[in-house]
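Asks: All chains should be modelled from the sequences, with the hints used to inform the complete structure.
In order, the protein sequences belong to chains E and S. Heads up, the first sequence is in my numbering, so the first residue is 1 and it goes up one at a time. Heads up, the second sequence is in my numbering, so the first residue is 1001 and it goes up one at a time.
It is worth saying that the hints were derived from the structure and are not from the lab. Among the hints, erroneous ones may be present.
[Stated by the list, open to error] Taking lysine-lysine and the DSS-like style, the derived pairs with C-alpha atoms no more than 30 Å apart in a straight line are:
#1 S/K1335 to S/K1265
#2 S/K1028 to S/K1335
#3 E/K140 to S/K1421
#4 E/K81 to S/K1586
#5 E/K140 to S/K1265
#6 S/K1586 to S/K1576
[What the hints assert, rightly or not] Quick partial rundown of chain E residues pointing at chain S, CB under 7 Å, derived from the structure:
#7 Q48
#8 G64
#9 G69
#10 S71
#11 F116
#12 A120
#13 V123
#14 A135
#15 R143
Just so we're clear, the structure is a prediction, and the values are computed from it rather than from any experiment. Heads up, the beta-carbon is just placed ideally off N, CA and C, and yes, glycines get one too.
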Amino acid sequence: MASRLSFVAVEQRALPASPVTAIFAALLLSLLFALSGCIKESDITLEQRAHQLAGELMCPVCNGQTIDGSSAQIAVDMRLKVRDLLDEGSTNAEVRDYFVLRYGQDILAAPERSGFSLLAWIVPVIIVLGGIGIALLSIKSMRKSGLEAQPVGGISAVANQKQNDLSDYLAQVDRHLSVGSGIKSDEPNESGDAPASEKAKS
Amino acid sequence: MADLGVMALLLGLALSAYSAIGAIIGEKIGMAALVVSARRALYMTTVTAIVASGALINAFVQNDFSIAYVADHSNTLMDRAFVWVAFYAGNEGSLLYILLALSVISAISVWFAPKRLARSMPWTIAILAIIQLFYFGVLAFVASPFELLATVPLEGRGINPLLTHPGMFSHPPLLMGGLIGVTIPFAFVSGALIAGNYGDDWIDVARVSAIITWGVLGTGMLLGAWWAYTILGWGGYWAWDPIENVALMPWLVMTAFIHSIMVQKRRGMFRMWNVALLNIAFVLAQLGMFINRGGPVVSVHSFAASTLGTIFLLFMMVSLVFAFALFLWRMPQLKSDRAMESFVSREASFLINNFLFLAVMGVTLWGVLFPVFSDLARDVSVSVSAPYFDRVNGPVLLGIVVMMGIGPLLPWRKTSARSMKQWFVWPIIVGLITIGILVALGIQRPVAIFSFGVLAFVATAIGEEWWRGTAARHRSGDNWALAWWRLVNGNRPRHGGYIVHISILMLALGIIGTNFYQQRTNGSLALGESLVIDSYRIEYVDTFDSSRPDRIAQWAEMTVYQIDPDDYKQEISFAKAQGSSGFTLKDSTLRPNDELIDTIEPWHGFYIDFNMASVRSGIRSTVVEDLYVIPRDFLADGRVSLAVSINPLAWWLWVSGPFFIIGTMVALWPQAAVERRPARKRLKGESEGEL
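Replies: Okay, structure coming up:
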C-alpha cells in the first residue's frame, strides 16, 4: 500500500506545472510556425489537381457519381478535358466554370458558395453551433433545476437508492424464478467505474 | 413454389394483424390468454416469413424462371453460391429479406424479454406486429417477389455483376438487418412508455438490442466500404451517396444513444433524451427505407420503384407522428433523478458528444435533402456530394474524436483540477510531440497534421488508463497479460468501448491518410512497358482472357518493383515539368536498385446484358500505404489503360473492422457471467486465505 501511495506522489511531483507549461508553449509555437509555412502548392502536380477537380465534378449520366469514380465514356472525356484545361493554364475555378456553363450547376459535386446555394453551407454551421449551444445551455439548466446537486445521502439520493434496491430485488426474483434468461440486469459496478489508479489510491 | 410463397405471405399478414389486435384488446380488457395467443401469433409470423424466404431461395436453386424475380436476378450460368445474394439482389427480394430479419429478431427479443417488462409487453408485441404487418402487406399486394411471368423464358437475365463479390454475402444483409433492427429497442421503449412503465426496467433490453443493431449496422457499412474499395474501382470507399448517408444517420444517433444510456444506467439522468434519441433513430431508419425505395434523390444504390416510394413515405410519416406524439404524451414522466453537477463531468461530456453526433446527423440530412429543397424552392437542380460532406462534416467528426479522448477520462459528477492535470498532461504532451515530429519530418497539410495529433492524444488517453489500471493490478501479483485481462473483464462495457474507440482511431487514421495524401496518375501500358509513381515501378508482363458468354473480361499480370528515385532522376524531373505525378517507361530493363516486391493481377470485365463494367483492383497493401491499380480498360491495340494511386494508411481502414466487432462483443458479453464472478472470486480468496 505504501508503495502505491509513493507511486502516486512521485508521479505528481514528476510533472510540476512550469516545465509542462513551457513544453506546451514551445510546441504550440512550433505548431503555429509550421502551419504558417507548410503549404507548398508548387509541389502539387497538374495531375494531382486534375484528380482533385475530377472529384468535384459529377458524371452527368451516372447516378450520384463523380467523374473521378466513373468509367462511363463521358466521364473519361471530361477527365481528359479537365487535364487539357489545366495544361492550358486554367485555374481550378475556371475549370469549374467551364463545366457549369455547359452542363448547369448540378455538374458541381458541392453547391456554390453564393446566392441561394450559400444556404447549403450556412445551415450546417448553424446546426453545429446551435447543437453545442443547446448542449451547454441544457447542462446549465440541469444544474439549476429543482433537483439541486444533492450530497450523497440526500433526499433524492435516498429515493433513488430505494428504487435501485427495488429493481435489484426484482432482478433477484427473476433469477430465482429462472426466467428472462437472455437479458439480465447487471449490478452497477461502481468500483470498476472510476479510473483504475484512483481506485488504487483509495 | 410461387403458390407456397404467396400463401405464406398471406398467412403471415393475417397472423401479424391478429397479433397486433389481440395484444391490444387483450391488454385493454385484461384477458391474459388473448395476449399470450398474440405473442404466439408473433412467433408464427416468423415461421411464415421463413417459409416465404425458403420458397424464393428454392425457386432460385431450381432455376424456376416462371417467377419474374428469379428470371430477373439469376441465370443458369450463375455460381450457385450466389443464390443467397440473388435472394436480396432486387427490390422485392430485399423487402422479403428485411421482413425475414425483422420477424426473426422480433421473435428472439420477445422470447428473451425479461419478466419485469410483462406489463409493457403487449404494447411491444403490438408495435412489432404492426411493423411486420406493413411489410407483409407490401410484399403480398404491392411488390410480390412471387409474381409469375406469362411466358417462361429459357434463361434468366443473370445477377447484377457488381454483386458477385464475397463482401455481398454479408454487406447487404448486415446493413438491412441493422437498419430494421432499430425497430427492436424502439418497440421495447415505446411499449414501456405506453404502458406507463416509467422506471428504468427497459434500460438493459434497449441497451443490448441497440448495441447489437449498432454493431451490425456499423459492420455492414464497413464491409460496404471494403467492397467499394476492392471492386468498384474508383479508388475510394465512401462516396457520401444518399443511400450511404441514410444508413449512416441512424447509426450516428444510435452511437449517441449507446453512450447516453450509460448515463441513465449509472446516474438516472437523460431519460427523456434517451427516448428521444431512439425515436429519432427509428424515424431515420424509416427514412432510409423510403429513400432506398424510390425516394426523391438519385443514388447509385436505389431501386427504381416509384409506387413503393409513396407507400414508404406514408409509413415514415406515420412513424414520425407516432414516435413524437408518444414522446410528448409521456414527456412529463421522464424526469431525471439527479441534477447535473458540473460542466466537467462524464455526463456533461456525454451530452456534448451526443449533440455532436446529432449535429453530424443533422448536417448530413440537410445535405441529402438540399437538392430536393433547391428544386422545389427555385427550380434549379444542384448536386451535393463528397466534397461538400467532407468539408462540413470533417471538422465535427474531428471534434467527436477529441471528445472520445476527453469524455472517458472524466469521472462521473465532477472533476477536480488535480485529477484533470493527472489525466490529461500525458495525452496532451504526446499529441503535441506527434505534431512536432510530423512537422519536423516536413509532412504537409496542416489540417491532417493537427488531426494526427488529435489521434495521438486520444490513443494516449486510452493507453494511459489501461497502463495505470494494468500496472495497479500487476503490482498486486498478476502478470501483465492477466492484469490487463482482469481490468477489461472488471468493467466490460467500459473497456469494450475503449476497444471500439481504438478501432475508430484506426479508421480515422485511414480516412485522414487517404483523403489528404492520396496520389494518382493515369497511363496506358503495352506489354513490357512500366509505369512509375512515387517509389513504385509497375511492369505489365502478361495478360489472359477470362471472357464468358455473358461478359468480356481480361486479367493483367503486373510485377511491382520498389525503386530508388535517384535511378530515375531525369524522368522524374521531366514528368514534373509536364505536370504529371508519374511516367511510363518503354523498355523493360531494370535499374540497379529496382527490387521485385510483389505481383498483382488487376481484372476488368464488361457485362454485355447489363451494359456495365466491373473491375477488381490490383492492390499491394502495407501498413504504410496501398499501391492501388485500377484497370480502366483493355484497349483494342493491346494496351491497358490504368489509373494508379497511392492510398496512404488505407490498410488501417480494414484492420479497424475486427477491432470494432471484438470491442462491441466485449461490451455486450452477457452480464450473467459478470454476476457470477464475485461469488467465484470470494471462494477463491477464501481457499487461498487471501484478502
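Asks: Compare the distance between the alpha carbons of S/K1335 and S/K1265 with 30 Å, and conclude whether the hinted pair is satisfied.
Replies: Holds, at roughly 14 Å.
Asks: Any CB of chain S closer than 7 Å to the CB of E/V123?
Replies: Result: holds, 5 Å to nearest chain S Cβ.
Asks: For the hint on E/F116, just tell me whether its beta-carbon gets within less than 7 Å of chain S.
Replies: This interface hint holds because 6 Å falls under the 7 Å limit.
Asks: Under 7 Å is the threshold here; is the Cβ of E/R143 close enough to any Cβ of chain S for the hint to stand?
Replies: With a minimum Cβ separation of about 5 Å from chain S (threshold 7 Å), the hint on E/R143 holds.
Asks: Hint check: E/K140 vs S/K1421, CA-CA at most 30 Å. Holds or violated?
Replies: Holds. E/K140 to S/K1421 sits at ~24 Å (cutoff 30 Å).
Asks: For the restraint on E/Q48, tell me whether the closest CB of chain S is nearer than 7 Å.
Replies: holds, 6 Å
Asks: Has the given pair, S/K1028 with S/K1335, been kept, meaning a C-alpha gap of at most 30 Å?
Replies: holds, 27 Å
Asks: Quick one, is the E/G69 hint okay against chain S at 7 Å, beta carbons?
Replies: Interface hint status for E/G69: holds (3 Å vs cutoff 7 Å).
Asks: Tell me if the straight-line CA distance from E/K140 to S/K1265 falls inside 30 Å.
Replies: holds, 21 Å
Asks: With a cut-off of 7 Å, does the beta carbon of E/G64 approach a beta carbon of chain S closely enough for the hint to hold?
Replies: holds, 5 Å
Asks: Is it true that the CA of E/K81 sits at most 30 Å from the CA of S/K1586?
Replies: holds, 26 Å
Asks: Let's test the interface hint: is any C-beta of chain S closer than 7 Å to that of E/S71?
Replies: holds, 5 Å
Consistency with the previously given hints is maintained throughout, with no hint failing.
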